[in-house]
Amino acid sequence: MEKEAPLRPRLAPSAALPLPLALVVLAFASDHPGAIGGALLGGGILLAAARGAWRLPVAIATASALGLVLLNPLAGVNGNLILLGGPRLGPIDLEVTLEELVYGAVAGARLAATILLSAAALALVDPDRLQAGAMRVAP
Numbered sequence: 150m151e152k153e154a155p156l157r158p159r160l161a162p163s164a165a166l167p168l169p170l171a172l173v174v175l176a177f178a179s180d181h182p183g184a185i186g187g188a189l190l191g192g193g194i195l196l197a198a199a200r201g202a203w204r205l206p207v208a209i210a211t212a213s214a215l216g217l218v219l220l221n222p223l224a225g226v227n228g229n230l231i232l233l234g235g236p237r238l239g240p241i242d243l244e245v246t247l248e249e250l251v252y253g254a255v256a257g258a259r260l261a262a263t264i265l266l267s268a269a270a271l272a273l274v275d276p277d278r279l280q281a282g283a284m285r286v287a288p
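Start counting the sequence shown at 150; every next residue gets the next number (the working numbering).
Fair warning: there could be bad hints in the mix.
[Claimed, not checked] DEER-style ranges, computed between Cβ atoms:
{"no.": "1", "residue 1": "161", "residue 2": "288", "range": "53 to 59 angstroms"}
{"no.": "2", "residue 1": "275", "residue 2": "171", "range": "18 to 24 angstroms"}
{"no.": "3", "residue 1": "225", "residue 2": "200", "range": "36 to 42 angstroms"}
{"no.": "4", "residue 1": "220", "residue 2": "187", "range": "24 to 30 angstroms"}
{"no.": "5", "residue 1": "175", "residue 2": "237", "range": "35 to 41 angstroms"}
{"no.": "6", "residue 1": "216", "residue 2": "275", "range": "22 to 28 angstroms"}
{"no.": "7", "residue 1": "277", "residue 2": "177", "range": "47 to 53 angstroms"}
{"no.": "8", "residue 1": "243", "residue 2": "170", "range": "24 to 30 angstroms"}
{"no.": "9", "residue 1": "277", "residue 2": "225", "range": "43 to 49 angstroms"}
{"no.": "10", "residue 1": "226", "residue 2": "286", "range": "40 to 46 angstroms"}
{"no.": "11", "residue 1": "225", "residue 2": "187", "range": "31 to 37 angstroms"}
{"no.": "12", "residue 1": "227", "residue 2": "197", "range": "32 to 38 angstroms"}
{"no.": "13", "residue 1": "285", "residue 2": "229", "range": "29 to 35 angstroms"}
{"no.": "14", "residue 1": "179", "residue 2": "237", "range": "31 to 37 angstroms"}
Rather than coming from a laboratory, the hints here were simulated on the basis of the structure. Cβ coordinates follow ideal geometry from the N, Cα and C atoms, glycine included.
Starting from the given sequences, assemble the full structure and let the hints guide the process.
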């Protein structure tokens with residue numbers, strides 16, 4: 150029988166929230182791929198360190214990121230390097246360019262990083278202390 154890991158003590162919100170919040174701000178403030186990749190990697194590391202349920206946040210983050218990559222070429226008309234040509238059906242453009250795919254991948258990575266960092270922060274923080282702190286702000 151597999152030995153179960155002991156539960157980690159939950160942290161106060163003032164100790165657990167600054168790092169995930171800073172990484173989310175970094176992911177949205179910077180256009181550098183290293184910063185976005187670092188935020189995504191940091192979200193994965195923090196989620197693993199939280200020792201909570203990690204499969205559902207990873208599945209949601211992956212599905213959301215892939216959805217953005219696939220839907221972004223249909224939503225916007227950007228770019229010059231055409232990969233797939235197609236007709237224009239009203240507001241939907243079926244022409245897929247490399248620039249649209251790259252922009253969708255970057256937006257998907259930002260969204261995935263935000264989901265992973267939010268899940269990690271909520272897994273690390275003590276829910277009673279978080280609720281007490283929220284009650285002071287929004288009664």
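Lying within 29 to 35 angstroms: is that true of the beta-carbon distance residue 285 to residue 229? violated (53 angstroms)
Could you tell me whether the CB distance from residue 225 to residue 200 stays inside 36 to 42 angstroms? holds (40 angstroms)
Using the Cβ atoms, figure out if residue 275 sits within 18 to 24 angstroms of residue 171. Holds - the Cβ-Cβ distance for residue 275 and residue 171, about 20 angstroms, lies within 18 to 24 angstroms.
Quick one: are residue 216 and residue 275 within 22 to 28 angstroms, going by C-beta? Given a distance of about 33 angstroms, which is not inside 22 to 28 angstroms, the answer is violated.
Is it true that the C-beta distance of residue 243 to residue 170 lies inside 24 to 30 angstroms, as the hint says? violated (39 angstroms)
Lying within 31 to 37 angstroms: is that true of the beta-carbon distance residue 179 to residue 237? With a Cβ separation near 34 angstroms, residue 179 and residue 237 satisfy 31 to 37 angstroms, so the hint holds.
Quick check on a hinted range of 40 to 46 angstroms for residue 226 and residue 286, using CB atoms only. Since residue 226 and residue 286 have Cβ atoms about 42 angstroms apart, the given range 40 to 46 angstroms holds.
Return holds or violated for the Cβ distance of residue 161 and residue 288 against the range 53 to 59 angstroms. violated (20 angstroms)
Given the hint of 31 to 37 angstroms, check if residue 225 and residue 187 actually sit that far apart at their C-beta atoms. With a Cβ separation near 26 angstroms, residue 225 and residue 187 fall outside 31 to 37 angstroms, so the hint is violated.
Verdict for residue 220, residue 187 (Cβ pair) under range 24 to 30 angstroms: holds (25 angstroms)
Range hint 32 to 38 angstroms: satisfied by the CB atoms of residue 227 and residue 197? holds (36 angstroms)
For the pair residue 175 and residue 237, does the Cβ-Cβ distance stay inside 35 to 41 angstroms? holds (37 angstroms)
Violated hints, in rising order: 1, 6, 7, 8, 11 and 13; the structure is consistent with all others.
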